[in-house]
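Q: Taken in order, these protein sequences are the chains called F, Z, E and V. Converting from the first sequence to my numbering requires adding 16 to each position, the first position being numbered 1. Converting from the second sequence to my numbering requires adding 2 to each position, the first position being numbered 1. Converting from the third sequence to my numbering requires adding 356 to each position, the first position being numbered 1. Converting from the fourth sequence to my numbering requires adding 11 to each position, the first position being numbered 1.
None of these hints come from the bench; they were simulated from the model. All C-beta atoms in this analysis are idealised placements derived from N, C-alpha and C, irrespective of residue type, glycine included. Certain hints may be false.
Unchecked claim - To give an idea of the interface, some chain E residues facing chain F are shown, with a C-beta separation under 10 Å as derived from the structure: (1) 389; (2) 393; (3) 505; (4) 684.
Said to hold, decoys possible - Calculated Cβ distances over 10 Å to all of chain E for the following chain F residues: (5) 87; (6) 88; (7) 149; (8) 245; (9) 254.
The residues making up each chain are set out below.
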Amino acid sequence: MGFFLETLFGGLMSGTLYALIGLGFVLIFKASGVFNFAQGAMVLVAALSMARFSEWLPGWLGFESKLLANVLAFAVTAGLMWLLALAVERFVLRHLVNQEATTLLMATLGISYFLDGLGQIAFGSSVYSIDVGMPKDPVFILESVFEGGLLINLEDLTAAAVAAALVAGLAAFFQFTSTGRALRAVADDHQAAQSIGIALNRIWVIVWLVAGLVALVAGIVWGSKFGVQFTLSTAALRALPVVILGGLTSVPGAIVGGLIIGVGEKLSEVYLGPLVGGGIEIWFAYVLALMFLLFRPQGLFGERIIDRV
Amino acid sequence: MAQGERTDRVGGVLLDMQNISLSFGGVKALTDISFDVREHEIRAIIGPNGAGKSSMLNVLNGVYTPQQGSIVFDGQRYTRMNPRRAAEMGIARTFQNLALFKGMSVLDNIMTGRNLRMKQGLLAQALRLGPAEREEIAHREVVENIIDFLELQAWRKTPVGRLPYGLQKRVDLGRALAMEPRLLLLDEPMAGMNMEEKQDMSRYILDVNDEFGTTIVLIEHDMGVVMDISDRVVVLDYGRKIGDGTPDEVRSNPEVIRAYLGVGGEMVDAALAAAGSVPGAAAAGR
Amino acid sequence: MFYRENGQFKTSYRDDQQIFPIRQDRIFMALLLAAAFIAVPLLASDYLLRALLIPFLILSLAAVGLNILVGYCGQISLGTGAFMAVGAYAAWNFGVRIPELPLLVQFLLGGACATVVGVIFGIPSLRIRGLYLAVATLAAQFFVDWAFLRIPFFTNYSPSGSVAVPPLSMFGISLQGATARYLLVLSIVVVFTLVAKNLVRGAIGRQWMAIRDMDVAAAVIGIRPMYAKLTAFAVSSFIVGVAGALWGFLHLGSWEPLAFDLGRSFQLLFMVIIGGLGSLLGSFFGAAFIVLVPVFLTNVPHWFGLPLSVDTAAHIEHMVFGALIVFFLIAEPHGLARLWSIGKEKLRIWPFPH
Amino acid sequence: MAPSRSAAPAAAQTFPALLLEHARLRPDKPAIREKDLGIWQTLTWRQVAEAVRATTHGLAALGVRRGEHVAVVGENRPRLYMAMMAAQCLGAIPVPLYQDAIAQEMAFVLRDAEIGVVVAEDQEQVDKMLEVRGECPALRHVIYDDPRGLRHYRDQALLSWDELEALGTRHAQAEPGFFQDCVDAVSPQDTAAMFYTSGTTGTPKGVVLTHAALIDRARVIERMECLTDREDVLAYLPPAWIGQNMFSYTQLLVTGFTVNHPESPATVEIDMRDIGPTYYFAPPRVLEGLLTRVTIRMEDAGWIKRRLFDSCMALARRVGVRLMDGEPVGLLDRALYALGDVLIYGPLRNALGMSRVRVAYTAGEAIGPDLFAFYRSIGINLKQLYGSTETSVFVCVQPDGKVRADTVGPPVEGVQIRVADSGEIQLKSPGLFKEYYRNPEATQAALTEDGWFRTGDAGYLDEEGHLRIIDRAKDVGRLADGSLFAPKYIENKLKFFPYIKEAVAFGAGRSEVCVFVNIDLEAVGDWAERRGLPYAGYTDLASKPEVYALIGQCIEQVNADLARDPKLCGSQMRRYLVLHKELDPDDDELTRTRKVRRAFIAAKYDTLVQAMYEGRDSQYVETEVKYEDGRRGVIRATVAIADARVFAPALREAA
């Protein structure tokens with residue numbers, strides 16, 4: 017029982033990571049109808065730049081403070097993400113207005129390739145680490161309930177906390193800021209949005225920036241856990257089922273989906289894996305999502321699709 | 003070749019819609035609508051925008067499934083239809099907002115209309131075996147006759163995307179004709195056409211009806227034309243049937259006039275102008 | 357400019373429906389094939405054959421397969437690599453378990469297995485569209501990768517997890533030489549391209565395109581979406597599977613699942629995009645392009661005397677591909693094939709601009 | 012197999028005989044192709060002969076007898092052609108009607124020729140027939156080719172083509188020998204066909220032509236141009252017009268080549284490119300249209316292409332025609348021309364559908380020298396011919412290598428030509444018509460008492476023996492000194508210049524020739540813009556001295572031409588002016604068909620005419636004009652009058 021709960025927790029924790037990345041997908045899809053395959057690459061680039069700058073900056077500016085280094089690195093990376101958002105809007109989206117969803121998807125594929133290449137040329141392609149001083153030591157909780165208690169990784173907790181905070185933040189952003197509301201408007205109907213004078217281009221920049229920041233956070237959390245390297249980019253692909261499950265247009269969907277997937281993976285890996293030679297978490301999420309799709313094509317929280325003739 | 007002769011040819015009831023009701027998540031699109039269509043006749047469904055005309059067609063050929071009511075086609079009763087079955091029973095249709103296959107040529111678009119009749123298997127096609135090629139050619143001939151009929155010869159191999167709107171409408175009709183339907187549904191065949199194009203189109207519709215004896219149900223906005231070419235007219239308004247009968251009966255039906263007044267004077271003008279005949283139709287011998 | 361079409365009138369539908377109705381095109385095609393079958397084997401170096409032409413041809417074939425699915429039927433797929441893998445492994449397994457099986461039969465069986473898998477993973481396409489489907493096909497990719505990595509049966513319990521093909525021969529002719537392999541690949545590619553062409557210009561092809569362009573209308577004229585989509589998946593993955601087998605047997609010789617990973621899937625997708633969706637010719641253009649760019653990227657710096665480290669080159673390659681994809685999607689969504697056909701049209705109506 | 016010259020031996024002297032000859036000699040060679048249902052449906056000679064046999068019996072079953080007229084009306088369609096053949100087999104006389112004529116016009120012919128049976132193409136024609144049936148008591152049956160729209164016609168007189176053939180087969184079973192007997196009964200001196208001249212003056216006249224006449228002309232041309240049974244002809248003009256009929260019917264049966272029928276009038280251009288005829292005929296207006304399309308389409312080309320095109324055309328103008336005429340040309344030029352042929356001329360011919368043309372004729376009206384030169388210079392062997400319905404078309408034809416824009420060539424074999432004192436051309440020819448149907452006085456008027464045919468054209472044979480048409484005889488006048496004055500001839504020459512839209516020449520009974528000129532606002536306006544010459548509207552532009560200079564040059568060239576011409580050197584233009592307003596049908600200055608009304612204009616602008624002959628160099632005029640909206644206005648202007656350079660006749664020897 018304890019073991020089960022531990023696995024469950026573990027699943028929830030990694031679920032938060034998926035949720036984080038899924039969030040990026042959803043944000044961009046909501047606002048620009050683009051299914052952003054480059055999200056993974058963005059996570060990678062963000063993580064890389066975070067790792068490297070926090071390592072370089074002290075040297076360049078001659079200071080010791082790890083905290084300062086991280087703060088600065090974060091700022092710089094955030095800046096990079098902003099530039100990226102600008103570039104994407106200026107060189108890609110602007111020219112692909114009103115194109116089919118699949119076209120845009122392929123475009124983002126291109127972007128992700130580009131970023132993968134760029135990131136590694138700029139920051140190198142070996143394994144780096146991010147240390148934002150997240151508590152690494154494990155703790156035991158609920159020792160009263162189970163003997164031996166449950167082993168929980170503080171790091172994971174923090175990650176979860178961060179994720180929660182981020183979601184809350186975003187929710188607030190969408191609810192209370194005018195930009196947020198504009199974003200929602202755009203998501204609902206491009207033409208309408210334009211007609212009431214919302215500049216799409218600006219919206220896109222903002223959305224991609226936000227997605228970039230989400231990616232950054234995800235990158236930090238993920239990176240400080242497993243280290244930063246190329247695989248991050250593809251690892252992000254494994255978060256895709258999250259949005260499928262949750263529905264492309266729903267923020268809560270991303271969260272719930274993320275958790276489900278996370279848990280599902282861990283449990284399946286632990287209880288199913290051994291039977292079939294392990295490593296099944298690679299595809300389990302997908303097959304899960306696939307099964308699910310067959311019954312509810314628009315995902316858990318997605319809107320229904322009706323085609324008129 | 004006078005009206006008299008046409009009406010002789012009109013036969014028994016081919017299609018009978020019985021108490022059809024349709025709604026989308028609470029929104030009622032059609033409410034308890036009944037009407038019948040006789041063999042060989044041209045039956046029009048008219049009504050202001052949002053009167054549920056298109057929904058009616060979509061029910062008819064199984065794109066939508068009505069909550070209540072049933073469809074009797076050729077003596078067979080159906081409570082739910084699906085597009086494929088409708089097609090197999092010989093119901094073809096054209097679309098209000100062109101639903102052509104943009105990437106394909108005029109020829110190929112019309113050829114698709116033959117697919118129900120093309121029986122050769124995948125392998126035969128892949129190797130272009132004799133039978134496959136012969137079948138292809140046989141159907142090409144049918145399609146060529148349609149192209150000839152609709153006078154599309156000059157555009158045979160042009161991608162439909164490049165054609166002007168009026169011609170695309172014609173191709174759409176051609177694709178439906180290629181199915182050699184018993185019942186042909188036309189969804190606003192003259193929408194967005196100029197007078198001349200409208201006359202051509204009404205001539206084609208009449209010719210189809212004459213040459214192939216095809217039964218035709220058409221939805222139209224432009225009362226003038228409809229009144230001119232159709233034998234009987236159903237009038238819908240807000241999903242309800244408010245009139246049914248010959249053009250003259252309908253034209254004099256006060257409720258109909260009111261409905262049209264409701265949506266603006268020009269429609270009434272159209273309704274009244276409808277008395278005057280359309281040359282295109284005249285040319286086709288009406 | 358070179359077209360003289362006067363007097364090339366058609367007196368039968370047969371002539372009118374042939375693949376190359378214009379005589380000049382037929383001549384050009386004949387010359388091209390002659391060059392490919394005769395001139396190249398005589399002139400090309402071993403390196404050229406092994407490193408460029410053979411991969412180019414095999415990838416072209418795979419792209420043709422993918423193009424049928426994506427370009428003609430409009431069903432986007434990110435799992436092509438997986439279907440190649442199935443083809444390769446299946447063919448290999450048949451070979452290992454039934455040694456006396458002729459090579460061609462192995463390839464075909466490989467294709468057959470790929471077909472089965474393709475259809476299974478195509479089933480979701482009946483319910484879901486576009487983006488969702490794209491993701492769904494990823495499932496195939498990951499699942500298959502995993503299966504060949506973790507299920508020892510498929511690799512015949514080879515400790516390393518990688519498989520190797522024995523010395524190949526066909527009709528008693530050894531296929532160790534590059535030329536022999538090239539000719540075999542070329543023949544297979546030509547045949548399958550012809551088959552594909554016949555399909556896309558036939559009834560089934562029209563059904564695919566109908567589904568692609570306007571599925572509701574397609575249904576209304578009696579096309580069964582299920583049949584159309586699943587046949588597209590089947591044909592596509594069959595060809596892709598055969599390509600996979602060729603890739604494994606005649607190009608790699610020995611391989612592990614990595615050879616058919618997600619990267620491969622994307623690469624093929626890029627080929628059809630750059631080459632031109634909905635054009636078999638485009639598949640070849642795309643493949644040529646993707647095969648040549650790396651060569652270009654590795655050689656150009658050398659000419660300028662600044663050697664790049666291997667992985668830098670790889671990264672640059674990534675960037676270039678990425679950029680190119682975006683560029684093509686923006687500049688010419690119909691890819692190189694469209695440019696080609698525009699050029700051809702211009703030649704036909706030369707000296708007039710339109 | 013090698014292309015064989017018409018193997019139909021001299022034995023076959025009638026159309027039916029010819030048909031059977033071909034069916035025997037080349038049964039499986041294509042006789043008639045029609046673009047139908049997307050492909051070129053082909054009928055071999057055997058098939059044609061078979062169908063004609065059935066049709067003949069069918070017509071017989073409908074009671075058509077020897078010597079009776081059978082009307083045929085529609086586009087070029089195989090069945091209509093075979094109907095004509097069938098009629099001829101019966102010894103009956105096919106009378107093709109213009110398909111675009113209105114019912115009433117047809118009614119006249121139907122009555123005049125007592126037509127009993129009409130073979131009509133489609134509903135359109137059938138409707139006309141039914142409309143006028145009341146006025147044509149003789150009309151018994153209307154046979155239609157295309158049943159579209161006729162399904163519910165219940166008229167007793169109507170008969171589908173299939174029904175006709177059915178009748179035929181029944182009749183054939185009844186009288187097996189019938190067909191052969193009829194065919195044998197036809198003699199060369201019988202009437203083969205009757206064509207109604209469109210009748211510019213008065214009612215149409217039926218021109219009666221015998222088998223012998225038509226076939227003889229066709230044979231002569233076949234020999235002259237070495238036509239073989241491999242030729243392809245595209246029949247795209249009304250078959251009721253003798254020109255088309257000769258090329259696509261008579262010559263078809265004589266030479267045994269293939270005639271191709273377009274899918275529909277709308278697709279003629281495409282079909283022309285498809286077929287690529289080897290033997291082609293087009294009136295100048297058609298050629299004009301094609302050339303205009305070419306120039307317009309080139310307008311939008313990029314500048315490199317345009318430069319290439321222009322330079323190539325320049326070269327062609329310089330050497331193309333000479334190469335075509337087999338004159339000596341420098342090696343470099345030959346090489347350049349060959350290059351141009353790959354780059355431009357070849358593709359151009361292909362685009363025009365003329366890649367395969369061996370012989371192309373133009374006739375009907377005067378053709379502009381530039382237009383004429385254009386086609387020859389890009390390697391199309393375009394030639395002029397002269398003839399009329401009454402002469403079975405071929406009177407004069409330009410032989411290869413002896414082609415000039417301003418003549419129509421020497422008389423072809425068998426034709427004698429003489430020029431009457433009136434300047435009218437008169438001729439004798441085996442191709443001459445028998446008579447105007449039931450119109451003795453007209454027939455008499457058309458022939459001199461010694462049996463020569465009056466062409467009604469004025470002209471003469473030049474020293475090389477080439478016929479040169481000047482004008483309609485009735486329009487030709489004389490100057491005070493008695494020398495020849497052909498206003499239309501001069502005006503046409505002027506109008507060939509793009510800058511000149513209309514011209515009116517005066518001089519009949521006067522000492523010298525003077526002209527009014529209307530500039531072409533578009534062409535001259537464009538010319539003015541290119542040399543930065545500002546202008547406000549037509550009147551202003553017309554009054555510019557630069558424009559006068561420009562027009563002066565044109566007139567000078569024409570004068571130079573005229574000077575070279577012994578008969579016409581007298582009528583060189585001494586003075587000219589550019590009219591201050593455009594001649595306009597609304598002001599009754601032109602006919603609706605844009606022919607100048609010389610007399611009316613002379614009266615209306617009398618002051619100007621006077622001024623010219625009084626030698627003034629400008630004249631103030633007020634002219635009333637009607638605007639589109641019907642308002643009337645007055646244009647006041649002072650019109651300048653200029654002198655033109657004239658040349659001494661001697662100049663000819665000098666040159």
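Q: Hints broken by the structure, by number, lowest first?
A: Hints 1, 2 and 9 are the ones this structure does not satisfy, whereas the remaining hints hold.
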